[in-house]
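Undergrad: Top line first, the protein sequences correspond to chains A and B. Per our numbering, residue 787 is the first one in the first sequence, and the count goes up by one each step. Per our numbering, residue 1318 is the first one in the second sequence, and the count goes up by one each step.
If you're looking for bench data, these hints aren't it; they were derived computationally from the structure. The structure displayed is predicted, hence computed values, not measured ones. Every residue, glycine too, gets a C-beta built ideally from N, C-alpha and C. Misleading hints may appear alongside valid ones.
The following label-pair restraints were derived from C-beta to C-beta distances [stated by the list, open to error]:
#: 1; chain 1: B; residue 1: 1368; chain 2: A; residue 2: 862; range: 19 to 27 Å
#: 2; chain 1: A; residue 1: 823; chain 2: B; residue 2: 1374; range: 24 to 32 Å
#: 3; chain 1: B; residue 1: 1329; chain 2: A; residue 2: 1093; range: 50 to 58 Å
#: 4; chain 1: B; residue 1: 1374; chain 2: A; residue 2: 916; range: 32 to 40 Å
#: 5; chain 1: B; residue 1: 1329; chain 2: A; residue 2: 862; range: 50 to 58 Å
#: 6; chain 1: A; residue 1: 902; chain 2: B; residue 2: 1374; range: 34 to 42 Å
#: 7; chain 1: B; residue 1: 1374; chain 2: A; residue 2: 1093; range: 55 to 63 Å
#: 8; chain 1: A; residue 1: 890; chain 2: B; residue 2: 1374; range: 45 to 53 Å
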Amino acid sequence: MLLLTHMTEIQKALTVTELNRGIKDVLTDEFDDIKVGGELSNFLLHSSGHLYASLKDENSVIKLVMFKGANLKLKFKPANGMNVVVHGRVDVYEKSGQYQIIADYMEEADGRGILQKKFEELRDKLVAEGLIAKQSNGTHRKANPRPIPSYPEKIGIITSPTGAAIQDMLNIISRRFSNVTVVLDPVKVQGEGAAEEIADAVARLNSFGGFDVLIVGRGGGSIEDLWAFNEEPVARAIYASKVPVISAVGHEIDFTIADFVADLRAPTPSAAAELVVKDKNDIAAVLEGNWARLNQALSGMTEKYRERLSWLGKTGLAAALKKTVEVYKERISSLRKNRVLSRPAELIDELRQELDDLEQREEKAYRHFMELKRRELILAASRLEGLNPLKILERGYSVTLNKLSGVIIKNAEDLKKGDTVELRFAKGIAVAEITETK
Amino acid sequence: MPEEIKFEDALKKLEKIVETLESGDVGLDESLKRYEEGVKLLRLCTVKLEEAEKKIEVLTKDKNGKATGTKEFNKPDSK
């Protein structure tokens, strides 16, 4: 794609080198981690140590190179006509424009490849049956695993009596919690009939009874060595076990079908032993912890009760009683203070006195009011006095009235010569005739 | 010991008693009773822990592969 874009955009011819380099980039990028199966042909082990061959099927062929370092690790002798699976990458030899597989690993197709396929087939079958559950992270384990007892006292071990596994487990168990009984059911763990022996042993220990947990396993080995633990009878026997089963097959990296149907997978037999038989000191610590908590809980409780008792005795009860008494006392005294109940006559006297007092105050107020009115009257009278014309006349003034109309003359123009006027003095009246006006 | 209780069951019982006591949900009389029981279980567990009764046995089978019993397992010298 990159190449095409390049050509159409630039519209320029590539050199052969450029083209081959471009092809090399694309191929090496796309096929840098491949696994391919086919038949070997044109096989040649060069004196340089490199291995050259072709890999073919019915319709197609591809060249293959395996360099010295890689082919030294081969576990079989390759030959023409052999079906193999190779792992490697595709590379382009720019000089000749040829592409080929650079293999870093090769195995017989009917060896590991077939075993892997069988493994996957059984696993998927048991998943479909619901014995194995595929986990969200892609791993597999028993569909409904049971808990492994923390302190099993009777442990059944199904393994070879002469293998490394039993040695490892017994070494660990002997250093740990002593109160256990280990019963070994010796079985063949590899080769013809091993699977059936293991499966029978699981069933046998179940019917023999008394076991808290079973460990089924063996030490490390090749996939062929471990194969019995990938066989269906073993898987079904483990799944059917009423006693919880721990699988302990090979090393940490080895996964078997037995691991997927056991209640717990131990990475190694030693790990299985450590899981089921606790360290004596660890258990002692657990017991001590419980002892401490037990005592603390009890002393905490007695302390609580003591506190409650003392509160009731000293503070609580006494205070409650005192408070009640106090309340009643107060109520009684307030009742006592109420004179309606205690001294009614006195109250009546008092009310009477108050009434008298009110009367007196009313009278006083009335008198005061009257005095006020009297003074107002005197003042008004004196004012009236001032208005009396006679008072003015007494000071030497006189009033002139028209004799005929009786109207008080305030203006000389109201008079003419010959008019008769009456002059009123403080004492007496005189009549006069106007002789002149000005 | 008349009652054969397993270590694991005894420890579980003990832990339950401790939890109950810690919760303070039971009365004083009941607490004392539980405490006594707890102490008994603790003693039992401790005895079991100290008991050097480790046994390594091997299952014996008849011709048909049926278990017949157990016998002492003698560690093989080499694997």
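Undergrad: Which numbered hints turn out to be false for this structure?
TA: The structure conflicts with hints 1, 2 and 3, although it agrees with all the remaining ones.
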